[in-house]
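Undergrad: Sequence:
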Amino acid sequence: MGGFGLIEATTGVKVARDREPDPEASTPDGPDLACPGIGVLAGTRVRIAGLFGGGLHATTEDGWTIDVVAPEWPHHRVMLSADGGRNDGEPGTTWWHVFNDERHGELRAAGFSPSGRTLVIATSSDVALIVRRIEGSGLRP
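Here the sequence shown stands for residues 20 to 160, numbered as in our numbering.
Derived by calculation from the structure, the hints in this document are not laboratory data.
It cannot be assumed that every hint is accurate.
Derived DEER-like restraints, expressed as beta-carbon distance ranges [said to hold, decoys possible]:
(1) 117 with 24: 17 to 27 Å
(2) 63 with 102: 16 to 26 Å
(3) 80 with 108: 17 to 27 Å
(4) 105 with 132: 15 to 25 Å
(5) 35 with 70: 29 to 39 Å
(6) 112 with 150: 13 to 23 Å
(7) 38 with 108: 41 to 51 Å
(8) 112 with 21: 22 to 32 Å
(9) 33 with 108: 31 to 41 Å
(10) 86 with 143: 29 to 39 Å
(11) 109 with 88: 13 to 23 Å
(12) 109 with 64: 42 to 52 Å
(13) 110 with 29: 18 to 28 Å
From a predicted model like this one, the values you see are computed outputs, not experimental measurements.
Glycine included, C-beta positions come from ideal geometry on N, C-alpha and C.
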């Protein structure tokens, strides 16, 4: 399935879909690999991440990180860490193995939204959003 989709990053709701974008207008260009927005972002340039390059944030301002690793090439895994990427300690305390493309399809992109509140993992068939709540005493994925 080709085209563009626009997803609200905190709810997962599909906001807009363009199944047949104009190839001339929708080719990512410039150093930021941006494309014209669709739906509520029409008239705005939108940075992309996926098959054509681009990327998402690998860290947040408050020390959360992701690492994409391939211990069993060509299969990728995404590791989420709350300790700045040290991955010290037992799994599930300060770090989590959150994705394995061997079970979920080929990894296309992984990273944080600019606010750092949403972790996006996109595969050849799905988009997973992990949204964290920021509450009084601590952070939870």
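Undergrad: Against each hint, give a clear statement of whether it holds in the structure.
TA: Right, here's what the structure says about each hint:
1. Between residue 117 and residue 24 the beta carbon distance is about 22 Å. The supplied range of 17 to 27 Å therefore holds.
2. A hinted range of 16 to 26 Å for the beta carbons of residue 63 and residue 102 is inconsistent with their spacing of about 36 Å.
3. Between residue 80 and residue 108 the CB atoms are about 22 Å apart, so this pair conforms to the stated range of 17 to 27 Å.
4. Checked against the hint of 15 to 25 Å, the pair residue 105 and residue 132 passes, with Cβ atoms roughly 23 Å apart.
5. About 19 Å separates the C-beta atoms of residue 35 and residue 70, a value inconsistent with the hinted range of 29 to 39 Å.
6. In this structure, residue 112 and residue 150 meet the distance hint of 13 to 23 Å, their C-beta atoms being roughly 21 Å apart.
7. A hinted range of 41 to 51 Å for the beta carbons of residue 38 and residue 108 is consistent with their spacing of about 45 Å.
8. Restraint check, residue 112 to residue 21: a C-beta distance of roughly 41 Å breaks the suggested window 22 to 32 Å.
9. Look at residue 33 against residue 108: about 37 Å separates their beta carbons, and that is inside 31 to 41 Å.
10. Our hint of 29 to 39 Å for residue 86 and residue 143 is violated, since their Cβ atoms are close to 21 Å apart.
11. In this structure, residue 109 and residue 88 meet the distance hint of 13 to 23 Å, their C-beta atoms being roughly 18 Å apart.
12. Separation of residue 109 from residue 64 is about 43 Å and conforms to the stated range, judged on CB atoms against 42 to 52 Å.
13. The hint said 18 to 28 Å for the Cβ distance between residue 110 and residue 29, and at roughly 26 Å that hint holds.
Checked against the numbered hints listed earlier, the structure breaks hints 2, 5, 8, 10; every other hint is satisfied.
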